[in-house]
Amino acid sequence: MKTSPSSNGESLGHRSASLRRRHLIAALFKALCIGFTLFAVSVLGLLIAQVGADGLPWLDTQFLNNFPSRFPEKAGIKSALYGTLWVVSLTALIALPMGVLAAIYLEDYAPASRLTRVIEINIANLAGVPSIVYGILGLAIFVRFFGLERSVLAGAMTMSLLILPVIIISSKEAIRAVPSSIRLAAYAVGATQWQVVRSHVLPAAIPGILTGVILALSRAIGETAPLIMIGALTYVAFTPEGPMDEFTALPIQIFNWASRPQAEFHELAAAGIIVLLVVLLTMNALAVFIRYKGTQK
Amino acid sequence: MNTRDDAVLEARDVTIRYGEQAAVKNVNLSIYEKKITAIIGPSGCGKSTLLRSLNRMNDFIEHVTQDGEILYRNTNLYGEGVDPVEVRLHMGMVFQRPNPFPKSIFRNVAWGPTINGLPGDINLRVERALKQAALWNEVKDRLNDSALNLSGGQQQRLCIARALAMEPEVILMDEPCSALDPVSTSRIEDLLFELKQNYTIVIVTHNMQQASRVSDYTAFMENGSLIEYGDTDQVFTRPKQKRTEDYVTGRFG
Amino acid sequence: MNTMTLLTTSKYRWGEAILRQLFFLCALISVLTTVIVIGILAVETSSFFQQVSITDFLFGTEWRPMLEPKAYGILPLLGGTMLIVVGSSIVALPVGLACAVYLSEYASDRARNIIKPVLEVLAGIPTVVYGYFAISFVTPGLRFVFDDVQIFNAASAAIVVGIMVLPMVASLCDDALRSVPLSLREGAYSVGATSYEVTARVVVPAALSGIFAAFVLAVSRAIGETMAVTLAAGATPNLTLNPLESIQTMTAYIVQVSLGDTPSGGLAYKTLFAVASVLFTITLVMNLLANKVMRKYQEVYE
Ligand SMILES: Nc1ncnc2c1ncn2[C@@H]1O[C@H](COP(=O)(O)OP(=O)(O)O)[C@@H](O)[C@H]1O
Ligand SMILES: [Mg+2]
Numbered sequence: 053m054k055t056s057p058s059s060n061g062e063s064l065g066h067r068s069a070s071l072r073r074r075h076l077i078a079a080l081f082k083a084l085c086i087g088f089t090l091f092a093v094s095v096l097g098l099l100i101a102q103v104g105a106d107g108l109p110w111l112d113t114q115f116l117n118n119f120p121s122r123f124p125e126k127a128g129i130k131s132a133l134y135g136t137l138w139v140v141s142l143t144a145l146i147a148l149p150m151g152v153l154a155a156i157y158l159e160d161y162a163p164a165s166r167l168t169r170v171i172e173i174n175i176a177n178l179a180g181v182p183s184i185v186y187g188i189l190g191l192a193i194f195v196r197f198f199g200l201e202r203s204v205l206a207g208a209m210t211m212s213l214l215i216l217p218v219i220i221i222s223s224k225e226a227i228r229a230v231p232s233s234i235r236l237a238a239y240a241v242g243a244t245q246w247q248v249v250r251s252h253v254l255p256a257a258i259p260g261i262l263t264g265v266i267l268a269l270s271r272a273i274g275e276t277a278p279l280i281m282i283g284a285l286t287y288v289a290f291t292p293e294g295p296m297d298e299f300t301a302l303p304i305q306i307f308n309w310a311s312r313p314q315a316e317f318h319e320l321a322a323a324g325i326i327v328l329l330v331v332l333l334t335m336n337a338l339a340v341f342i343r344y345k346g347t348q349k
Numbered sequence: 036m037n038t039r040d041d042a043v044l045e046a047r048d049v050t051i052r053y054g055e056q057a058a059v060k061n062v063n064l065s066i067y068e069k070k071i072t073a074i075i076g077p078s079g080c081g082k083s084t085l086l087r088s089l090n091r092m093n094d095f096i097e098h099v100t101q102d103g104e105i106l107y108r109n110t111n112l113y114g115e116g117v118d119p120v121e122v123r124l125h126m127g128m129v130f131q132r133p134n135p136f137p138k139s140i141f142r143n144v145a146w147g148p149t150i151n152g153l154p155g156d157i158n159l160r161v162e163r164a165l166k167q168a169a170l171w172n173e174v175k176d177r178l179n180d181s182a183l184n185l186s187g188g189q190q191q192r193l194c195i196a197r198a199l200a201m202e203p204e205v206i207l208m209d210e211p212c213s214a215l216d217p218v219s220t221s222r223i224e225d226l227l228f229e230l231k232q233n234y235t236i237v238i239v240t241h242n243m244q245q246a247s248r249v250s251d252y253t254a255f256m257e258n259g260s261l262i263e264y265g266d267t268d269q270v271f272t273r274p275k276q277k278r279t280e281d282y283v284t285g286r287f288g
Numbered sequence: 006m007n008t009m010t011l012l013t014t015s016k017y018r019w020g021e022a023i024l025r026q027l028f029f030l031c032a033l034i035s036v037l038t039t040v041i042v043i044g045i046l047a048v049e050t051s052s053f054f055q056q057v058s059i060t061d062f063l064f065g066t067e068w069r070p071m072l073e074p075k076a077y078g079i080l081p082l083l084g085g086t087m088l089i090v091v092g093s094s095i096v097a098l099p100v101g102l103a104c105a106v107y108l109s110e111y112a113s114d115r116a117r118n119i120i121k122p123v124l125e126v127l128a129g130i131p132t133v134v135y136g137y138f139a140i141s142f143v144t145p146g147l148r149f150v151f152d153d154v155q156i157f158n159a160a161s162a163a164i165v166v167g168i169m170v171l172p173m174v175a176s177l178c179d180d181a182l183r184s185v186p187l188s189l190r191e192g193a194y195s196v197g198a199t200s201y202e203v204t205a206r207v208v209v210p211a212a213l214s215g216i217f218a219a220f221v222l223a224v225s226r227a228i229g230e231t232m233a234v235t236l237a238a239g240a241t242p243n244l245t246l247n248p249l250e251s252i253q254t255m256t257a258y259i260v261q262v263s264l265g266d267t268p269s270g271g272l273a274y275k276t277l278f279a280v281a282s283v284l285f286t287i288t289l290v291m292n293l294l295a296n297k298v299m300r301k302y303q304e305v306y307e
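Chains as they are written, first to last, in the numbering used here: chain A, 53 to 349; chain B, 36 to 288; chain C, 6 to 307.
Rather than coming from a laboratory, the hints here were simulated on the basis of the structure. Watch out, some of these pointers could steer you wrong.
To give a feel for the contact side, a few chain B residues facing chain A, derived at Cβ under 7 Å [unchecked claim]:
{"no.": "1", "residue": "Thr110"}
{"no.": "2", "residue": "Val117"}
{"no.": "3", "residue": "Pro119"}
{"no.": "4", "residue": "Glu121"}
Keep in mind the model is a prediction, meaning the values are calculated, not measured. Even glycine gets a Cβ: it sits at the ideal position worked out from N, Cα and C.
Excised from the complex, chain A in its bound form (with noise of 0.2 Å):
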């Protein structure tokens, strides 16, 4: 049967000049993805080095202690720290319990319908629509008829619809995670759904569910176009004292100083990065260390 025993040559050892060059093919081709990802790496390098080159100068007290202003020694980003915690603290008052009582009822409480197939559906979808889309849907609907105008509510309630989705996809993974046989045990000693849900379920869920509207909550503080489009980017000298101020925020006063054409300000945009990314990274410490005690229990 066997007719040509092309390949049972008795050494090894002595390549063919196609083995060689398929071989070359396939060293190149590694070579190339190595370098492709040292490239993207190396962005990550590029843009920390060129961020605090132009930023550390301006970094200090003053620029934490002062308001916006004309003349760049004396401008700083005082009103856009305290707004951006307080649309963040507001987001998280609003999105949190809504995204995770969302992510319990899909996961626990939904029948297998058509409905419940149309928010599954729905939400991955939200998920990726423009954030500025969410702009414009909070400038229609809690700035103009809500009447909030550019108060920190109106922000945070655009915040919230923007990340919702995120928080509930992510709770869901962390609600899915709990093993079934918890549900079935609580179930078999006579307990309700909701004290199932309560008193086990959930405390299992928690770390995972924290994690992720960390992360979600990260993404609302970088987000600058949805609070653009509510009108959030105007001079404020002062620090709201509650949710009915008007505000500004870090990234919009970063874009501010972006936006203008001389250099000093750049730089200031540049040292209001810094801190933006300060902010981003204490958040996401807070985020590794919750998963890390959520896996050690």
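Once you have looked at the hints, place chains B and C with the ligands on chain A.
Same frame as chain A, but now just chains B and C with the ligands:
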């Protein structure tokens, strides 16, 4: 042992470690031409690891180290300048679970010969391989269908055809029937007798009946060590080692 | 006795039922959001079309909503967006796929554990930071290399948007490649393939639907990207193929309008919604497509 048979492959003092953990320990073993050699032993004893060392499949696993030599007609497979791709042209492999490519039946068989530029008409080569694998009659009218539409037994025969199309000298099989039903299993066992005419076969199996039915030689491993190696008849009826006897009678009797 | 048990049970059930309704409402908010977005866009856009004809809007080659003589052809904005999409895809798709191939096919566990977090950090950096990076690093770099680069130009924004979506492409393609079973690679190696042949001719084709979904999502992200293009690409609705010129994207136009004090209700204000409708429709269609493809390929390997 029958000394007239030529050894195609010879493992000399082979030790294979995953990290610190030795999975194969000081194994010496000869594989003879145009014979079927079965490797048996309890699960986790290192059968697959040893088998995969014969076509350098362990190269892809991180942290694997290997001592000793594996001679293929007096060339060390792990010697300097030996190309693992070339090694695999001589040593074909069939895996525990059928793993056809998500391509057409024809492309599955033709792919290896094509990338390696094997000579001759590719259509004839594919047909020959499918016939040898006893699959031709079932698929000859739908060679362009996806291989994923075949049944499990057919997929495994396709994988055998894929290996045969390369016309290797040795075919390594790692529990090729463990995912198949009894009917498919017996078809593949019949096939092994046919293939023995032209190929040297090494088959790992956990199925004692299968080992005793199809193989000429049997190697029994335990805990990474080769405990006993000899004629299949002898290993199953007159084992020299107590541990072999326990295992063979316990599983067989 | 019997009735009492029934009573307490039904009371119990009442509490449970109310909670259940509450949870349901929370889940429904997402659908509500979509409905309201679509409603607002539809109402405002149709009132826009009472003053401007649809054909003028969709096929007009001039966009001049603030200056006389006014013109409402969206093509310059669409063209600007497409320039960003093409440019960023040239950066993000090959580099992202190569990263993914490296991560899933070549990288040691150690390298993976370093590179994955770096990509996650890159993905988490706010877009306004990328905008700053464009004007402070990429644009000066381009002006150093080429002669006739305008201060605001499409190329700089496109490069930066490409870098921005790259981590997402890499991570989604990595997922897709890793969902291809190991046994398939082993089968390919066993017939004498090189690593390149295994990757390019078996693994990547097997992961193609996932890779395709990643690419579609990347393009959709690039279309919706706002801050980097607003900062770096300019505000000149300019129907051009030259990436070194200033352009305006749909998103940048929306920002421009909302920065000015455009009186609500006027035609200029309504252009906001007309443009947003186009933006929303395009990205929604792409997301639906990508999610559908993604669900398909997840089923294949389950
Ligand atoms: N990829 C791997 N990494 C680490 N250890 C492994 C790996 N593969 C197998 N082992 C270990 O090596 C030993 C032998 O495994 P294997 O050769 O698969 O045994 P068998 O095929 O006889 O069941 C087992 O203890 C197994 O746990
Ligand atoms: Mg095994």
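Results of checking the hints against the structure:
no., hint, in the structure
1, Thr110, "holds (5 Å)"
2, Val117, "holds (5 Å)"
3, Pro119, "violated (10 Å)"
4, Glu121, "holds (6 Å)"
Comparing the model with each earlier hint shows a violation of hint 3 alone; every other hint is respected.
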